[in-house]
Structures are given as structure tokens and as C-alpha cells.
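**Student:** Now for the letters of each chain:
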Amino acid sequence: MDKLFTRRSEKTGLAPGTLIHIGDRKLERMKLTLFEYGGEADVSEREISIPGECFPFKDQPTISWLNVDGVHQAQIIEEIGTNLDIHPLVMEDILNTSQRPKIEDFDEYIYIVLKMLYWNEEHSEVESEQVSLILGDTYVITFQEGDEAGKDVFDSVRVRIHGGKSRIVKRGTDYLIYSLIDAIVDHYFVILEHFGEQIADLEEELVTDPSTDTLQFIHNLKRELLFLRKYVWPLREVVSRLEKDETDLIEESTSIYLRDVYDHTIQVIDTIETFREMISGMLDIYLSSISNRMNEVMKVLTIIATVFIPLTFIAGIYGMNFAYMPELQWRFGYFIVLFIMALIFIGMIIYFRRRRWL
Amino acid sequence: MDKLFTRRSEKTGLAPGTLIHIGDRKLERMKLTLFEYGGEADVSEREISIPGECFPFKDQPTISWLNVDGVHQAQIIEEIGTNLDIHPLVMEDILNTSQRPKIEDFDEYIYIVLKMLYWNEEHSEVESEQVSLILGDTYVITFQEGDEAGKDVFDSVRVRIHGGKSRIVKRGTDYLIYSLIDAIVDHYFVILEHFGEQIADLEEELVTDPSTDTLQFIHNLKRELLFLRKYVWPLREVVSRLEKDETDLIEESTSIYLRDVYDHTIQVIDTIETFREMISGMLDIYLSSISNRMNEVMKVLTIIATVFIPLTFIAGIYGMNFAYMPELQWRFGYFIVLFIMALIFIGMIIYFRRRRWL
Amino acid sequence: MDKLFTRRSEKTGLAPGTLIHIGDRKLERMKLTLFEYGGEADVSEREISIPGECFPFKDQPTISWLNVDGVHQAQIIEEIGTNLDIHPLVMEDILNTSQRPKIEDFDEYIYIVLKMLYWNEEHSEVESEQVSLILGDTYVITFQEGDEAGKDVFDSVRVRIHGGKSRIVKRGTDYLIYSLIDAIVDHYFVILEHFGEQIADLEEELVTDPSTDTLQFIHNLKRELLFLRKYVWPLREVVSRLEKDETDLIEESTSIYLRDVYDHTIQVIDTIETFREMISGMLDIYLSSISNRMNEVMKVLTIIATVFIPLTFIAGIYGMNFAYMPELQWRFGYFIVLFIMALIFIGMIIYFRRRRWL
Amino acid sequence: MDKLFTRRSEKTGLAPGTLIHIGDRKLERMKLTLFEYGGEADVSEREISIPGECFPFKDQPTISWLNVDGVHQAQIIEEIGTNLDIHPLVMEDILNTSQRPKIEDFDEYIYIVLKMLYWNEEHSEVESEQVSLILGDTYVITFQEGDEAGKDVFDSVRVRIHGGKSRIVKRGTDYLIYSLIDAIVDHYFVILEHFGEQIADLEEELVTDPSTDTLQFIHNLKRELLFLRKYVWPLREVVSRLEKDETDLIEESTSIYLRDVYDHTIQVIDTIETFREMISGMLDIYLSSISNRMNEVMKVLTIIATVFIPLTFIAGIYGMNFAYMPELQWRFGYFIVLFIMALIFIGMIIYFRRRRWL
Amino acid sequence: MDKLFTRRSEKTGLAPGTLIHIGDRKLERMKLTLFEYGGEADVSEREISIPGECFPFKDQPTISWLNVDGVHQAQIIEEIGTNLDIHPLVMEDILNTSQRPKIEDFDEYIYIVLKMLYWNEEHSEVESEQVSLILGDTYVITFQEGDEAGKDVFDSVRVRIHGGKSRIVKRGTDYLIYSLIDAIVDHYFVILEHFGEQIADLEEELVTDPSTDTLQFIHNLKRELLFLRKYVWPLREVVSRLEKDETDLIEESTSIYLRDVYDHTIQVIDTIETFREMISGMLDIYLSSISNRMNEVMKVLTIIATVFIPLTFIAGIYGMNFAYMPELQWRFGYFIVLFIMALIFIGMIIYFRRRRWL
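Chains as they are written, first to last, in this note's numbering: chain Z, 1 to 358; chain B, 1 to 358; chain A, 1 to 358; chain H, 1 to 358; chain L, 1 to 358.
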């Protein structure tokens, strides 16, 4: 339930722009990391403790990337927002982790919300983390909900910046934001592979040994895909608008890269829809296999009952205690009856063979 | 039924613009409350008894918000409408509580119909109240069907106006109308949370102990969502047109706030659709679980019948009264037969084990 | 079948514009009624027998409304059409009562086809009557299939014209046509109420006592809604185009009234779709209730069979006639066996209780 | 299968424009018929053997309609095409009878592909014949696959031309092509009537006596409708483009006739979709009726088994051969047991009555 | 699984434009073949080993077609790309064989990705091979994944070029690229024919002898069609954009040929959708046939049980050992009971006949 719907009722009735964090606080302390590169200067990365420290970056020609891990301390977000002239509604959205992916263009900067997805090996399910990105002329700010070690999809971007020779350091903030979005979308393929494996397992199970758990498995996969879909569909529009909108913040030469991300997004959506169709096909098969098995059970019952009930009836007749029952006195009466019973038995078997029940 | 379809046949055949109230009269008396603020003046709130009292507000520079609780007294609505040059069709719509959410632009003013939703704890269902909003240059008029104590979603807006420092009092009627719509839409999330809880309960019940009531539960949830959806889908267009239409009544700076409401609306719709898909998935599971249980029942029957019917047949044979049945005279005939029966019994059990029925 | 598909094969192969009546002739004689009003003159209503009588109206400044009941006399339709320069295809369409609702703009006049719907109490089903409307500059002509007494939805318009004070008599033909369409659409709500009641009955029946008739009932409702939908969906476009098309025949001030009709049409469509969804949900419930009942039946069978078959087997054993069966000679053999049987019986009952079958 | 998919693999790998006939050759020899009318001249119709004979028509002011029956002789098609400057791809398409209805505008001429549909009474199924139409300034050429006697839907057009007074002979090629398309579409209504009858039969059968054949019947109807739909849906676009495209070949005054055909096409599509919905509703009913009947069977079994199994058990007890069974010696033991059995029997019957199984 | 989802996680986190091959390496060595034709020169075809050899072609007036078999050697692709100024993202896409069909216009050249489909007779399934096409002013480059002997769909194009008289050698690169795409799409019809045969087999099997394998067969066909659809749907847009986009690379006279390919694509999509509908109809029939068969089984069981259980009960009664049972002493008691049993038997048979169970 939790993943498909986030509580936000605590916010009901507050003025718009009221900064209240909605979500599960994952971190003890927010962590701010500032990258600076471009121009003559070398690439620098440093952790800063007071947000105020980093605001000069706005007016410098170098490119600054401020990554904020954790969004639960409203006052820090507010300080950053106020200094950079970010609209109060944007700050409110950053704090609220139940956003739908979206893009908003404020001329001076573009605000983007995305979902990073991680695969939780333990529970075999998808987990999401909200990422807010602000693209300015000379700066990019990213807000992540948490920073579990070894899980950050931005690491690959960091490595490339440090390398110093990558295209990233030679180009502007638009290429940086592209790289970040690309890293997020690329990671979706990892999630899809996990789903792919689960669906393959499921198909295997369906053929070999469908059980009641199989139904639960199908249901869970369906829910996870519903969840995935909810985050990926709006992404399509986000990337498309980023590519097509007329804004000075995105250079023409970056557009082609964004188109590439767009293609990937379409591919992710395509695969999700294919998965959904496959799972719904599997449900049909599961239901048919239940019916088939019931048929099998019924056949066994019917064969046994149909063969033995008439025979038992015959035995019952000669078990009656009438004073005058001529057959009972016959020398071979017993054997004749046994013989007749055998005939009936064989006849029944042949009948069932003909009907293909045996 | 009632919620999904409102009777309005009493209106059939009347001239358009004929003012007839359609709906359940909830209030004894209509209640008019007038807020005035903006300019130099302090915020004032007063209840007025004669509509005429409040009409000077139209030409004053201050911002006036007239809230009308109850819409069953046609003559009061008419008086208000006539004084403010409201189109007769609008007055007709205000009185008719079976409207679909919609927006109409009359240049001089904009007319909006929305639905406030409340959660009825007692019956675990959603209740709706129609709200008509008229946005003029210097005034806002809102018409609510009823005013059950402690339930009005506009209360949060009232508090903020009284506070006097909120953004509301500093801006025009467009921001006020935004605040009112935002309050209504925000409250939808509360409704969604109730649904979320019910769906979680349902999932729990499905796994642990599905009963015939579960089906009724699923059906009721489905109906409630149908109802919710009917009121929320058109809302999307209402807010979108309010944001995008070229009208002098909405300032540019308010547009971004309306976009925020629009995002919330999309989120509500998204969640409703997700809920619908989940519920339809649950119906599948429920049906499968019925089939599965039938399978279980059949298996028990089949095992018992298949094991004992042949044995009973054998007993029947030696219960026959033929004069000449050699086995009957054997010293250990009885025990041999018992032994054979035991063998058959064990053979059957092994057979069922192999078929995984045991 | 009839309602969903009208035979029109008799027309196959004829030249376009050939005037042949298609439909069930309901009237003995066509009836022409002419209303004249507007200008200085009083409102006049008179029945005319020779169509020629009424043609001067075309060039008079007053507003003329010619209502034609019955469309089976091709030569009368032709006479009217020729005198007013109506396109032959329009005359053909007027005669053919299997039209889909549509609108056609011929500059000089607008041709509209609609369906009036009546509720047939006797068969609990919807009946339709085709109405053709021609909107000219100074005249409106309406063609109805029949004129069953007390059923005409135009009566309310007639009353208002006679009243002489209604907005109708003060305005042009565009307002008259609006009034007529409004009267038709308003009547759809009456039909919807009948459906609403039937669906409520159906829900009641489903919960209390679903029978084989219930399925037939569901099926019939579904078909009736299919039928309704077929006539209402195209209406939406008709009204929308009437409102939006640039034509000199519709004044700006009438547009807002047409928008109101448009809103009603949307509401009708909305309700139909909601009804359809509810009915399809009911089918699911019906099917589940069949399965549930089968489960119940199976359980009873299984319990009885499972309890008594083993007991009967035991009785069968001691009914065998072996010469040497030591238990038979025991003093309390009989009572011991009875006691064992009782134990088995009680054990079975406990087992079924645990499985929740009892 | 055949109707839903035509083999065309023999063409794979050939150069575009290669003239190869794809389809079942129906005729021994192609038949060319030339109509000439318009201007001063009388209407003339003659069969021609050498295509070359008829090419002068291109430059004559009269209107020529060349109808070609049979499309299997590639060289004749080629000769016609080359003389009239028809694009090689068009000639290829004429020969290939597996086309989808389509329209192509080549400025000089318009190429249209349609499907004529015939009802095969014998197999109760629809048969199709491909018709290619080329509309030039002064000529119309039509290519039909075959010419089974008495089946040609163009006959009605021929009759009207011969009449000499029809609108056809007074107007240009655009009106001729309209007449031909109209004849084809009109004939679809005949097909729909056959379907209507079959669906009515099916409904009757479902209510009175559904059998396994009913399912096959439903399935066949579904397939036939799939087939019909495949040919009619694209037709909509063909007629719409013919009406709306800017081309000198269609006069304004003919547009209104094409709009009429367009309306008919919509009506055909509407009816097909309605039929499809009805058939899918019938499948639901069929499946429910199977379930209902299974329920009936189960009930009979359960009642019999539940009533007699306990009684048989009691009889079994008193059939045991224990030496000491006091009841057996009672004077009225037998009658007491019979009485108890009767009580149980009656009790069971009452129980089943209460459960509404009887 | 494999076909519906390709692993690409190994690429996650790499910089865009990083050339890494994704796919199954099918070839030992890449093979480059260069065609040159057009102008005065004869058609020449030669295999080249060093990519550098062929780059002069860019500036020659003749038309060059470089076909590359195998895409696993990144450095060769890179060399080609760099020399022809191909964008790094395009080179990355060429190496990645999990692309969706798409088209990208880079002004200087157009990049197209398509899927060639082959029918694997052995496993009765579809196999795909990715083809990348680059259309320049004077050159066309095609990249294929593999070159299994006798399977290349481009062979027909090669033959036509060698012929030297085909339209291909007289026209530009746009006609060449059309010919290549046409060859690919034409081959889809071969695939569809295989499906058509399988569906016909399936229908046959469903009617004559549906088994559990039938369900698996249906499921497999469904999956294969899902796969097919995934590759064909985007193709539609690719061809449509190639035809409609304003680019100097495509001449007007080639557009009509592309429109022809577009028509074929629509036909392929149409057929796939028809197949999908047919298969889903078959699943319904399969499920109904399971239910029907269960009904049959139940009827047999019920008839046997219902006939013999009461008879056995009667036999049981007269098997009781009561001391005083008057009937037992009757002279014809036994025969009277046999007669009564026969009556009951016949009565039952008549009852079942009436109910149509026999």
C-alpha cells in the first residue's frame, strides 16, 4: 500500500508554500556536497556544513553542482531556496516526497522531480527515492531523500567529473543535468532485468508446478509493475518537454542527448507494458490450470464411482435375505456373478478409454 | 445509487433559467457570511441577513468574499444574482446540486462548480457537497449546500485570512479563489487515505480469510471509487482551463499556484486509477481463491470416495448369501480379505501422495 | 434486435435523393402544425392541411415553426422541401428513420437529426422516435415520426410560446431550436432515472436472491444501455458543433444556452458510462455468487459422503459371511463397533469444523 | 483463416512495381466494358476486346467509364496503365487483391481501393471482392476481381446511366465515382442485416437451448465481424479524405453527396461495433449458463447422495452379522428402523426445501 | 523472456557515447561489403578488409552502399563513424542491439534502426536481427548483426543492383534505402504467413481435440505476437516520418514508394492485431470447452450415482438381519423387489432423458 499511496494529510489546510517535510526521514543529518568545475579551474569536490558557504557560486562562471542528501530539515532547504530565489512552491515540493515526476520552467531555472528506483534484494521489490533537480544557468542543485552507501546512481556521474576528461566537464549545466537524468533512467534497466528474471521464474513455475503461492506471486508482480509504471509514465513527458521546450538553459547540441534519454524512457515504458501483458496472460494460464486440475480430480472420482457403484449394487442384491432367491442355490451362482461383475468392469474401462478419460 | 445519479426529472419541461432547487435541503435557513479585507482596512467577517446589505461590495476596491451556506431558497440566490448581473443559467446551476464540475467564463466573472468530499466514518463511504464559486474582479462568492459543524474545508482559508499576514490578504481575488480550490483538492487526499486503508484491509482479508462478505466489500469499494472518479476527472479540466485561459481575472503570478493545484489533481486521479486497478486485481484473486477452495473440497471428497468405495465393494461381495462360496469357509478367509483391503488402502494413499493430493 | 439495427436494404441500389420512407408507419395521416409569433403579431397556432398554405412564411419577418407529425408521405415532405430549397439528400434523410444523430450546415439552413427517447413502462424498455430539425433564418421545421398522445416532449415548448412572455417569443429561431433540443435532452434524464431504478432493483436482487433471471435482467439492461449510448454519443458532437460553428443562424447570446445543453449531454453520457460500469461489476458479482453457491453445494455433498462412506464400509465388513470372524462372537462386538463408528463420526465433524466447512 | 490473411509471400523480394497477380483467379478471361455518356452523345455501352481500342477516351470531353472484370492478366492491366500514365505502384496494387481499403491522390487521377462484400448464403459467411477505382478528369476505371452473375453491386448504377435521366449522366466523373462508392457502401447494409438476423437467432438459442454448437456459432460470428471490421474501418478515412482533400477532380456540389456516404460509413461502423459488444455479452451469458447448469447437476447429485447415503449406512448396520445384536430380535425392530429412515428422509427433504435446492 | 527484454545493465553508469557492444556476438569476424554504382561506372561489389579503404566514397558522385555484417568490433564501427562524421550516440546505438525501431534526422544523414525478422522453423518462433541504416547524400551504410547463410533479406536488392537495369541503379540513395526497407517489411509477410498457419492449426485443434498443450500453444502464440508487435508498431512512425519529414535526402518522387511501404506496414500491424483478437477469442473457447467437459464428467457421475444409490439402499434394506421381516418370507418377495428396482431404474432414465442429460 505504502508505495502506491503516500500519506500527506498532515499538510491539509496549511497555506501553500508552507515548508513541511512529508516522507520517512532516513538520514540523521542532511549532507551537502559541492562540485565546481569548468573554466580554468580544476574539478573540486567538498562537503559543506553551512549552506551559506556555497551561495557565491551563483555568480561565478564555473559550473557548480550542489548535491543535497536528505530533505527533512526544512530550514536548510529554505535557506538554499531563499538565496537562489527559488519559488516557495518549489521548496515545498522538494520537501514533499510524494511528488509525481514533473517539470516546471521558471525562466531563471527549471525544476524537475524524478524517482530513483532501487531493487530491494531482500523483499524482491522496488524501492523509490525522490530526486529534485534544479537547473540554473551556472548551477545544478540536486536533492536526494537518502544516501544509503553504495546505492547512489549519481556515483557514475561523479566518477566522470573527477576523471576531468569527460564531455561533462567541457560542457554546461544542461549537459550535467542530462547526465544525471541519464544515470537515473539507465538504472531503470537494472530494475527491469530483475523483473525479467522474476517473470521467467514465474513462467517456469506455472508450467512445472503451479500452487496457491503462484497466484500471490503474480499478484505481487502486478502491484510492483503498477508502482513502476506510476513513476515512469510521467517521466516521458518530463524528458520530452525538457528536450522540446524553448528555454535558454538547454543548448541545441544537448537536445540530441536528451532525445537519447527520451528513447530510453520509451523503451522502459514499452518493456513495462509488455511485462504487464505477459503477467495478465499468466493469470489466464493459472486459472485454466486450476480448472484443468479440477477436471482431473473429477475424472478420478467419476471413474471410481461409476465402476464400483453398479458392482456394489449387484453385490447388495445377493446380500438380501429373501427366503426364496433361486440363484443363491445354483452350484456356480457365485462364480457367474463374479464373472458378470468382471464383464461390467471391463466394459466400463473400455468406455472410459473411448472417452479418453484414461 | 443515489450518489451516482441524482434525480432531476422534476425540472423536465421548465424554461431554462427557471430557478428550482434540486437536491436534499440540509439547512433550515441559508446563512450568508461576508469577509472584507485588502486595502487599508482590517479584515472583517460578519454574518448578514439581507442579501441587499452586501451588494455595495461590488464597487469597492477591497476584496469581498461572500460565503453562502445552503442553496435551497431560490429567491435569495436570485436576489444575489440579479444584483451582480449573474446570468440566469448560472443561478439555475447553483440551485441544481447535481452538476458535474465545470468552469464557465463570462468575461465579467468566472463561474466554477466543484464537489467537496467528506468521509462518512459511520458508513465508511464518501459524501459530496456541491460548491459553486463565482470569481469577480473584486469579489468572490461561494455557495455551499450545507454547513455541518466542524466539517467545512474552507475553515483553513478563514483562519489564514484572519491571521492577516498570509499571502491571501495581500493579493487579489484570484489568489483567494486559488486558496479555496486548493483547500478542496487538498481534502481529497484525506479521502484517498481512507480508501488506502480500506484497500489495505481488503488485501489482508483476501490473504487470511476471504469470505462472501469480501466480495461485497470489493464491490462497494469499486462503486465508491466510481463515484469519486466521476467528480475528480472533470476537475482536471476545470483547473487546467482556469490556469491557461486568457482572462484578466487571473494574474500571471497566480498561475503558478494553479499549476500546483493542477499537479495535485493529477496525483488524485493517478491514485484513483491505481486503486481501481488494484481492486480489479483483487477480484481476480478472490475468484481464484474460490476456485482453489472448490478444488480442495473436491479433493477431499475424491480421496475418501476413491479409497472406500472399492473396499466397500469387496465387503459387499463377501456379504452375498450364495450357498456355495468357497472363500467363506477358508480358515483365514476373513483375515486374508482384511489384508487385501489394507493393501488396497495403502496403495491408494501412495497413489494420492504421488499425485500431490495429500 | 430491432432497436439496434434498422432494416434499410429496400433502399439498396436506388439513386441518392430517392424519397422512400424507411421505418414503421405509425400515423394514418401526417399532421402539420404552424406556429407564428414575433414582431407585432400575436402568437398563432393552426393546423394546416395543404403544405402550400404555409410557404409564404419564409419571407415574413415573423418566426414560423412548422411541426410535422409523421414522415411516411414522401410527396408532402417533397413539397415542403422543394418550396424551401432543401437539398434532396436532406429530404431523403428525413424520410429514413434509421439515421444517426447528426448536424449538417447548408449555409442557408442547418439540418439536425436527433432521437427522442420514451420509456415504455409495459416492457420496461426505451423507445426512440427520430426528430429532424431544420433551422432557417426565419423558420424552424421539425419532423417527428409519430404523435402518440401525451408523449410529445415538445409540449413544454408549446406551452411557453403560448404563454407569450417566455424568452422564446422575444428571440429568434436560434433560441427556438435551442429550446426544442433542450426539451429533448432534458427528457433523457427521465429515461436515466428509470434506468437508475432498475439498477437499484438489480443490486437489491443480487444481494438477496440472485436467480437465473437475474442474468437475463443484467443482459437486458446492458442492451438497453448500448442502445441509449448509440443515440447519445453522437449528440455530443451535434450540440458542440451547433455551438461552435461559425454560422449567422446562431446568435452569440444563444451560444451560452447551447453550452448549457452541451453540459447536460456530457452529464447524460457520464451517467450512461457509469451505469455500464456498474452493470459490468454486477455481472462479476453474479458469476462469483454462482461459484460460491456451487462451493456450498459441494461442501454439503463432501461432508455427507466423507462422514458416511467410511462408516458404511465398516458396517459392510461385519456384514460379510465368513465362517470364521472372531469379532462376531464377542459379547460386546456390536457395541464396540457402534462406539468406534461414533468416534469416527465425531472426529470427522471436528475435522470439518477446523476446516471451517461447518 | 483465409479471409483474415492473404498469402502474398510469393511477391517477397521482387522489385516494386513488378506486376504479379495475387489472389484466386476467378475468371477465365478478363472482360472490359466501356460506358460513354455526357455531352451531346447518347449513352453507349460496349464490350471491348483489345484495351487499345478504348484509350482515345482520355482526351474526349464525354465521360467514359471502363469497367474491368478480372485482374489476373497482368499484361492487360499494364497496357491500360501505360496508356493512361498510371503509376507502376498503382498497377501493382490493382493486381494484388490483398489490399487494405485506401486512397491515393496523384494529382492527375485519384486511386481508390475498396472491398465489395457479398453474403454467401450457403456457408452463412461474408465474401469479399476487391475493387480498384481510378478517377480521372474525364474517365473512371474500375477493376473488379470477378463477375459472378447477378451479384454485381454496380448494376444499379448501370441501370441509372442507361435510364439517361439520372443525375449521373448530367454530371461529371466525380458524381459517377460517388455513385459507385455509394452502391458499394449501400450493399454493406444488406450484409449487416444478415448479421442482425444471425445475432437474433443466437439470442433466441441462448435463451431456449444453449449447446456446445452455440459457442462455435458465437465464435464464428465474432470472426466474421472481425473480418468485416477490417474492411470497413479504413473505408471511413478513404471517404473522409475524398470529401475533404483539395483536389480539382471533385466538385464542391459533389462533396455533400460524399458526406452522405461518409455518414453511412459511420453508421456501418457503429453497427459493427454494437454487434461486437452484443456478441461479447452473449459469450458471458453462455459461460454463465454453463456454470448454472453445472450447479443444477451438482444439486441433483448432492440431494440424492445426501439423502440415501445415511439411509444405506443404517441398513448396513443392521446387515451386520454380530451374534449379539439385541434390536434384531425385537418384535417391531424392522418397522422401527423403517420409520426412522422415513423420518430422516423427510427431514432431508425439508432441509433442501429450506435451502431452496428443491 | 530473452526476446522481450534484452539485458543492458552492463552499460549502466557509462558515459553516453561509450562504444560497447550489447548483444550476442554471432560472427567471428565482421565483414564489410561495398557496392558502387551510378554515374558512368559499372556496378562493382567488393569485400574490403580495412574500413579506411572505402572512405573516399563519401565525396564521389557515384552511389556507395557499404554493408557491414556484425557489429561486435567497436573499433571498426568507430573508425567508420569518425570518418563519416557520425554522431557518437549513433555509433553507440549501432553497437547496442536492444534498440527500438526509430529514425533520427541529423541533417547531413538520417539514422534508422529496424528489425529484420526470421522464422525459426525448428522452434516455431520468430527471431530478430537489428539493422541500422545510415542514409547520406551519396552513400548508404547498413549494419547487420549477423549473416547466416541464405537468410539475408537484402539479397533480393543485391540481385536487382547487379542486374543493372533496375530502377535502383538509376536513382539516388533515397531509392536504395527505400528498397532496403521494403525488403525488410516484405519479409514480415512471410512471418505473418507462418503465424497464420499456426493459428489455423490451433483452431483445428480447438475444435477436434483441445488438450492441456493447447493452452501452452495459445500462450506461446500470444507471446510471439507480443514480440512481433513490439517491433512493428514503432516501424509505422519510422516510415511515416521518413516520408513526411522535410529533408533534402529524400526526393519527392521517392515519397510515393515510401507511402507504399507505409501501407504495407499498416497492413502488417492490422494483421497482427487481428491475430491477437483471434487468439484471445480462442482462449475463451478453450476455457469454455474445459467447463463443458467438466459438465460432461459431472453428468456421468451424477447419472450413475443417482440411479444406483437408491437401488443399493433398497438392497441394503433386505440385507438387514432382523428376526421379523415379513417380506423376506413372501414367495415372490425377491422378484417383487427386483421388479420395483427395475421400475425405479426406468423412471430415472426417463427423468434424465427429459432433462436432456442422456
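A portion of the hints provided could be inaccurate.
Straight line, CA to CA, 25 Å or less: simulated DSS-like cross-link-like pairs of lysine-lysine [what the hints assert, rightly or not]:
| hint | chain 1 | residue 1 | chain 2 | residue 2 |
| --- | --- | --- | --- | --- |
| 1 | L | Lys170 | L | Lys230 |
| 2 | L | Lys244 | H | Lys102 |
| 3 | A | Lys31 | B | Lys244 |
| 4 | L | Lys102 | Z | Lys244 |
None of these hints come from the bench; they were simulated from the model.
**Student:** All hints are to be evaluated individually against the structure, with a verdict given for each.
**Tutor:** Cross-check of the supplied hints:
1. Lys170/L x Lys230/L: violated, 35 Å
2. Lys244/L x Lys102/H: holds, 18 Å
3. Lys31/A x Lys244/B: Measuring from Cα to Cα gives roughly 52 Å; hence the hint is violated.
4. Lys102/L x Lys244/Z: holds, 18 Å
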